[in-house]
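**Q** Okay, here's what each chain looks like letter by letter:
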Amino acid sequence: MTTTLSRREVIAAGFGAVMLPSTLSAQPAQKPAELKIGVTTFLSGPASVFGVPSRKACEMLIDQLNAAGGIAGIPVRPIFVDEGPGTDHLVGEIRRLVQSEGVHVLFQSISSGSCLACTPLSRELQKVNLLWDCGTQRIFEENRWEYAFRTQGYGTSEVLAPLLYLLKKKPDFRTVAVLNQDYAWGRDSWELWKTAMDALKPGVRVVAEMFPRFGSTDFSTEITRLLALRPDVILSTSWGGELVTFIRQATERRLHERSMFVLPVAEASMQILGRSMPEGHIIGTRGDHWNNHPAPKDPAAFNAFINAYRQRFNEYPIYPCHHMAQAVWALKAGLEKAVAAKGGAWPSDLELANAFRGLTFPTPTSTITLREDGQGLEDQIVGLSSFNDRFPFAVPKEMMLFPGEQVSAPVGQKSTDWLKTLQPSMIQSAGRSI
Amino acid sequence: MRKIEPLLAILLAGAMIAAAIAAPWLRFVLTIALAKGIAVMGILLLLRAGQVSFGHALYIAFGAYTVAFLAPRFGDAMILLPLAAVGAGALGLVIGLFVTRYRQIFFGMLNLAMSMVFYSLLEKLYAITKGSDGIRVEIMPVAGQALDRITYEWTIFGIALGLAFVLGLLLRLYLASPMGEALAGIKTRETRLEFMGVPARGVLLSAYVMSAVLGGIGGALIAMTSRHVTPLLAYWTSSGELVFIAILGGAGGVLGPFLGAAGYELVRVYAAASFADAWQMILGAVLLLVILFAPGGLWGMAARAIGGRGR
Chain A
373 MTTTLSRREV IAAGFGAVML PSTLSAQPAQ KPAELKIGVT TFLSGPASVF GVPSRKACEM
433 LIDQLNAAGG IAGIPVRPIF VDEGPGTDHL VGEIRRLVQS EGVHVLFQSI SSGSCLACTP
493 LSRELQKVNL LWDCGTQRIF EENRWEYAFR TQGYGTSEVL APLLYLLKKK PDFRTVAVLN
553 QDYAWGRDSW ELWKTAMDAL KPGVRVVAEM FPRFGSTDFS TEITRLLALR PDVILSTSWG
613 GELVTFIRQA TERRLHERSM FVLPVAEASM QILGRSMPEG HIIGTRGDHW NNHPAPKDPA
673 AFNAFINAYR QRFNEYPIYP CHHMAQAVWA LKAGLEKAVA AKGGAWPSDL ELANAFRGLT
733 FPTPTSTITL REDGQGLEDQ IVGLSSFNDR FPFAVPKEMM LFPGEQVSAP VGQKSTDWLK
793 TLQPSMIQSA GRSI
Chain B
2 MRKIEPLLAI LLAGAMIAAA IAAPWLRFVL TIALAKGIAV MGILLLLRAG QVSFGHALYI
62 AFGAYTVAFL APRFGDAMIL LPLAAVGAGA LGLVIGLFVT RYRQIFFGML NLAMSMVFYS
122 LLEKLYAITK GSDGIRVEIM PVAGQALDRI TYEWTIFGIA LGLAFVLGLL LRLYLASPMG
182 EALAGIKTRE TRLEFMGVPA RGVLLSAYVM SAVLGGIGGA LIAMTSRHVT PLLAYWTSSG
242 ELVFIAILGG AGGVLGPFLG AAGYELVRVY AAASFADAWQ MILGAVLLLV ILFAPGGLWG
302 MAARAIGGRG R
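As given, the protein sequences belong to chains A and B, one line each in that order.
The numbers in this note's numbering rise by one with no breaks, and the one at position 401 of the first sequence is 773.
The numbers in this note's numbering rise by one with no breaks, and the one at position 272 of the second sequence is 273.
No wet-lab data here; the hints were simulated from the structure.
Here a beta-carbon is modelled for each residue, glycine too, at the ideal position from N, C-alpha and C.
Heads up, a few of these hints could be off.
As the list claims (entries may be wrong) - From chain B, some residues computed to sit far from chain A (all C-beta separations above 10 Å):
#, residue
1, Ile33
2, Pro296
3, Gly297
What the hints assert, rightly or not - Partial pick of chain B residues on the chain A-facing surface, computed with a CB cut under 8 Å:
#, residue
4, Val30
5, Ser227
6, Trp280
As the list claims (entries may be wrong) - Straight-line distance between alpha carbons at most 25 Å, and here's what the computed BS3-like set of lysine-lysine pairs gives:
#, chain 1, residue 1, chain 2, residue 2
7, B, Lys188, A, Lys786
8, B, Lys125, A, Lys566
9, A, Lys541, A, Lys792
10, A, Lys403, A, Lys714
11, A, Lys704, A, Lys669
12, A, Lys566, A, Lys541
For reference, chain B alone in the conformation it holds in the complex (with noise of 0.2 Å):
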């Protein structure tokens, strides 16, 4: 199966750029479904360790507002990426040394807490966030180069990819470290180990970190694809459509989030055009569907189809 995996990965990809050419609104959409599968990746690093985040939407927002409010001064893609990367992770470094004390549903409700403080801060500084209304972005170049807009939302459609690619296969060598390794030892037995010399609190915390980073560079293609940032990116609601993601797309490999982010990007994509008004019961039945028939998510069943194990 991890064999497969990067074969899968290429098809996968192939099929999006398929998509992408095919029928331009697509091109968008799938873009948004890149950008939220780095950001679930994050989650799925946390699932390894049997943790819950209900508040990694702080992050893609974090990134997002970034991006939105540096756009008028360093008005590019490449320094703003890196940017709201940075950011988040500083972040999600002040946080994550205060969430990792805790475990399970305290772990889960703090990240919610947090989540929500960051989103009543957006709400309320009405005076410099816009509050509700949000702020936009205007297109921006890209590494010096000014872009018309379809050129533009092609390349931020690479650059998503090609970070999915990079930074999923980062995420496989890490996940197969001794300190990915040490995230199942959490989610087994945290005692052992501390017995055996691993910090436990250090190994949650960057991985933590890690997930924040994730969350930001996520946000930040968010904000440079939909070009307008609210405080709604940082509501629980997101928070809850990564875990509905992450559990859509199954936490075996890293594939798990794009195929979780696209399946999810296209089932609302396609229930909303059908059903304007029912959209979200049918969204809400593909969830229970696959918790009920499929636990492993969109991965554990092409795991399975493939004759694999899928963890």
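Chain A with its partners taken away, still in its complex shape (with noise of 0.2 Å):
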């Protein structure tokens, strides 16, 4: 009996010790010895391939602001969570970090359903929340946060820019046909996709929507049916292995002869899929930050990210680290904006949160503001696949750029409604050649 007995009060005093929360909202706000951030990233299951890079990115930029003197003065730590265990882990997990490790900041999540279960708990626990890189519409057009930010693009930018260049590019098609996740961004950007086509371009067929189950390693099936079909143009939003195989499966069949392929989310997967990506299909990146971006606003910080990340890794970066990147930036850039109003100051976490609101900060390919709502402005490029001497992978060429405010809902729209009323004249008055 006693070893039982023993053991769990053993365990009960040690939460007692340990886990006392060390900071609380409440209190006025000192200088910490440290700033600590929360990241909730995927580091298992198959998102692993967007969450593992991204954490590698997150380590490195903070290894490099840790080295100049951290940020207002004060070192940097991270913190991870594993996004992949699901959401009811992952609520418990985003309170662990506050009440009890004593996060100054979260940065979450990859996934949509995480970044929607997560964001209202900024307001309960009143903590600073960048959504680094969900892309779903639906948080800051269904409610306020006073304590959320997206430091990049959302999904109807990173649908409608794709589709405006498809239309630039290829105006004549009649038919489409969609192979998506079945899942929320599957079915989100699918409805997307297809009211702001249907308002700018009305009368196109769709063929075939095929919704393949999450996860899937085969889609002969659906490429059968494809061939059969022969539509114009083929949009998936698929990501991560699924989209690699889906590519591979389809250039043996040669569907990518018959149809043109429009893949929103394509950049992370081409260094997988090396010299096997078609040529000359529309890909996108959720974002301007291209490993090729022709003219970035700072040449020499972007090479300077790029080649520090393939140094220490050995590979390129892929969206996810640029994503993370820009979320390390807008740290900074609010943290520091908020001690300067302060004096000096620490800033409190509402504090901290104000400065946030409205702030333009540099990316090195442009600027992102975060809007009035919280939603980041975050310019979308798009190209064709092609191949140079300079990458073994895919990168685009003939890329337009579509600035953020051209191709995001206004504040206080639905993106829905938004999209239902774009006139046609906006396919040539959008984005411009860079």
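Join the two chains into one complex using the hints; note that each chain is given alone, in its own frame.
**A** Put into structure tokens, the structure is as follows:
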């Protein structure tokens, strides 16, 4: 009996000693010895193809920041949490990060489901949340959050930009088929595309809507159907292993010669596909951070980031790395702004949050503005897949840049409502070649 | 051993309350542990009959989605909890009529199939269930009282703890009753049970419905605690988790599920906190160690330490 009891007592005592929260939002803000950020990202499961590189990028950037004296004079320490085990685990982890680890800022998450579940916690726990990668438009359109900001673009702009590009490059297409993963992003992105397409080019026939199971490893039936239907355009917002498998199986059967692919999330899979990616198809990167960006605003900083990442990890950074970097740069800019506004004193959580509203922070390629509602305006660059001597994998050519505010729904409007109001004249006016 | 059990239960509850006071975030983890413990009591009930269900996450998800769907309409925990329990019980009756015809692996697999059908429905009926994004559950009043966040979390923790006690007690009584003892008869030899004039299917069906009710209550509590439900609740890994907890806790007494659930959640949380990218390995290692060295689970270990018999 004693063993069981004492063990439980020891555990309970241990919790009391170790787990008492070191900071509470209500306390007057004191300058901490280090800035702790809780980072949620996929470290297991299929989406770890995004999560692990983003973690590497985060560690690299924070090492660089700390070597240069940290942010606002204090070193930064990231604490990583795996998004893999699912939502109820993650909401518990967010509480642990805030109440036990005492993190000052949260960076979350890759999955839209995670973001939808965890963003309300930013209000309850009163901690600044930087949504660094999830794309769902629902977050800022269905609610208003005082403590949450997205330091990158979102589904609406990431789908509308490739659509506009397609309408410019191949205005005469008549039929389209869709092959998306069967989960929220796959469904949402198709709804956005369909709504925008019906407004910009009414009368396009949708010949197939296919939503294979999330995590499928075989697309032969879908490809057979697509070969028979011969759609002019095949849209797929799939990512990761599924996109790689689909492209490989489709190119083997020459599907790419009959139809044009539009792949808004292709960039992250290009290194794995290497030379097996067919040329001349529309590829996107959920932003403007192509590794072959022809005219970044700050070429030295852009190349420094890419080269440092390549040197340390022996691969090119993919878009989640850039998104993570944007969150780090936004944090730096926001915190420094908040500290400056208080004349060097440490800001409270609310003051820190207010510093992010309307913040414009520099990225090596451009600048990103966090809007009134918390949504970031990130430029979108779309192009046609091609090969050159510099990269052992496909990169875009004939690139076009769509400024963030041009392809985002205005504050207070739902994306699907706004997309319905688009006029075909937008096809000519939107975007510019770079 | 049976006499010490209530005492141990009170001590365990005391330790949980102490931990929840000492560390606010553990209150969340322990509420989830209690909810899962309640659901695992249902697994335990079926284990008594020698049947393993690999699909009980179905009832957890059903309870959780009942709360998520009905919260905007009847926004009160005191109404939603019984609704989830009754709903899950009704579903359990319908499915139970079918699956209790089968035994062993067929019973397990059919349950698994049912829960995966429900999972697919939750994923595919995107317009209704919001697919994999899931549905958010707002803080709801309890018995007509609107509560702030901290009080709400304490209240749900208290409700979970109270329910764990009451349901545990009822389950103990049930297991000691002829109906409960007949479950062990199904495990040893069903034919003898029939010769004695006890309908084996009826015995198993009533246990199955009860386990479904327990699952529904557990699921409702999970939805009220994590306040976001996703189809993942019905996925087969969640069912596996319940069986894992049952094995970890041991099938001896009604305390086993709670020991197992608390142990499981704490190992998971601490492993995830210390080794963000290898926590699954630690969880797996713990289960292996328990199976190899403590086949009676945590409850068996406790029983041996006290000198009793862990069944």
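**Q** What hints, given by number in increasing order, does this structure fail?
**A** 1 and 7
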